[in-house]
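A.B. asks: Could you build the full structure based on these sequences and the hints that come with them?
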Amino acid sequence: MPLKTAAFYSTHKIDLELGTKVVSLESGTNNALLSNGTHIAFDSLALAVGARARTLTCPGTNLGNVYYLRSIADAHLLRAAIPNAENIVVIGAGFIGLEVASSLVQQPTQVTVIEAENRVLARVVAPELSRFFASAHVDRGVRLLTSRKVQSLVGENGVVRQVQLEDGTLLDADLVIVGIGSVANLELAQQLGLLVMNGIVVDSQSRTNRPNVFAAGDCALFRGPFNASGLRLESVQNAMDQSRVAASVIAGADKTYDSLPWFWSDQYDLKLQIVGLPCGATERVLRPGTASEISVFHFQNDTCICVESVNRPREHIAARRLLACGKVTKQDLEDVDFDISALMKRQSK
Amino acid sequence: MKLLIYDHDGQLVELEDVSAKTLMLGIRDAGLNLTAQCGGCASCGTCHVYVDNAWQAKLKPPSELEDAMLDVVEERRESSRLSCQIELTKDLDGLTVTLAPGSAFE
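Respectively, the protein sequence lines represent chains A and B.
Oh and the first sequence: position 219 is 219 in the working numbering, straight run, nothing missing.
Oh and the second sequence: position 37 is 37 in the working numbering, straight run, nothing missing.
Treat the hints as calculated values from the structure; they're not laboratory data.
Remember, predicted model here, so these are calculated numbers, not experimental data.
A couple of the hints might just be wrong.
Stated by the list, open to error - Now the stretches of chain A that chain B is said to cover, found in silico as 3 or more residues with beta-carbon under 8 angstroms: (1) 235 to 246; (2) 310 to 324.
Claimed, not checked - Label-pair restraints from in silico Cβ distances: (3) B:Glu16 - A:Ala253: 38 to 46 angstroms; (4) B:Ala54 - A:Gln190: 54 to 62 angstroms; (5) A:Asp74 - B:Cys41: 13 to 21 angstroms; (6) B:Ala104 - A:Thr256: 21 to 29 angstroms; (7) A:Pro211 - B:Leu4: 45 to 53 angstroms; (8) B:Asp52 - A:Pro2: 23 to 31 angstroms; (9) A:Thr146 - B:Arg77: 46 to 54 angstroms; (10) A:Thr256 - B:Ala57: 34 to 42 angstroms; (11) A:Tyr9 - B:Gly10: 19 to 27 angstroms; (12) B:Asp91 - A:Pro211: 56 to 64 angstroms; (13) A:Tyr9 - B:Val13: 14 to 22 angstroms.
Ideal placement from N, C-alpha and C gives every residue a C-beta, glycine not left out.
C.D. replies: Now the structure itself:
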């Protein structure tokens, strides 16, 4: 699934070396050894090495019919395996796990989702939205088990047959899909002796602690004045905006990364759209709706910092516009009964 | 099928034997400069095109989601559509569109 054609690279004078790995980078030199045996010297280096799926560590993970979903190859393998499955167990109720579960609902299979946390999407949305999505899945026939951990995968003839939970429960499973997060690819950064945490640490110019080395996207942990502990965002928006900043800075421009983060997730006929980040929120306000609509506004000391909404695209767009260009207070929103689209219209007049 | 695309410089590009599922994929697969950041689920508004007058009536009207997303694009017009939401069916052979500003990957 090429995002750009070969012509794009040649037009922009980019030499694309597919099927070639950087074997080693020596700390202190500006030289990379490639898997084809050649060396390449650089003035600047951009690490856009991504992340890989976090793997299960319990017994039985080497059994057949245990899948991860990260690459298109993973997707093809999984798709081919699904029609033969009767009992599918999804481990992890994050975006990957729930999106997979939602796409399996047409299949005549029993789908069970297991989550170690006490709610779905615990890392990414407010509890009200967790409840909303949990109901959405259960109503459509998914069996959802939260606050449960996997003990082991049990197999027969090398193929998974059951999933055993820590509480002793045994679930039939002829197909297991694991979606328990990602791990940044840190190996090259470590060879260079760069500062790494759970990502390659970069500043607001996407620069690592070595001035001519940059990192962007899923592998980068952005530490700015407002997030001292660092933030590794795994999203399309972050990958594109952060790498543009890196490219601009390498090309000599003075650019800083200050894009408003946004995310989405499609599950069944529900479109979750998030703008901003809820970290540091001191209060949240629910704007209830129906079984197919809901939103939550997050505030930090009366300033709106994040809006999570389901099937309210106009609200999401209005929030993206308003949060990006200025301050929206709780009072502003109370004045319009939390109808942020109305607030946008009022402000644009 | 055939697609006629006016690119961001106003150049007409004729695409022959297009077999893509959606207009966005047809344009992108041909290597034209179209951001299409979200990959085709009406989440980002960066595959915005203007549909040639003659073709507008042949398209299904935009969904509420697409309509809302079009509110976020630069220079929305009557003829604005998200190309990812236009399924390439046989009756659209010869579809003519112009890539809108803001949809180019800079």
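A.B. asks: Which of the stated hints cannot be reconciled with the structure, identified by number in ascending sequence?
C.D. replies: 10
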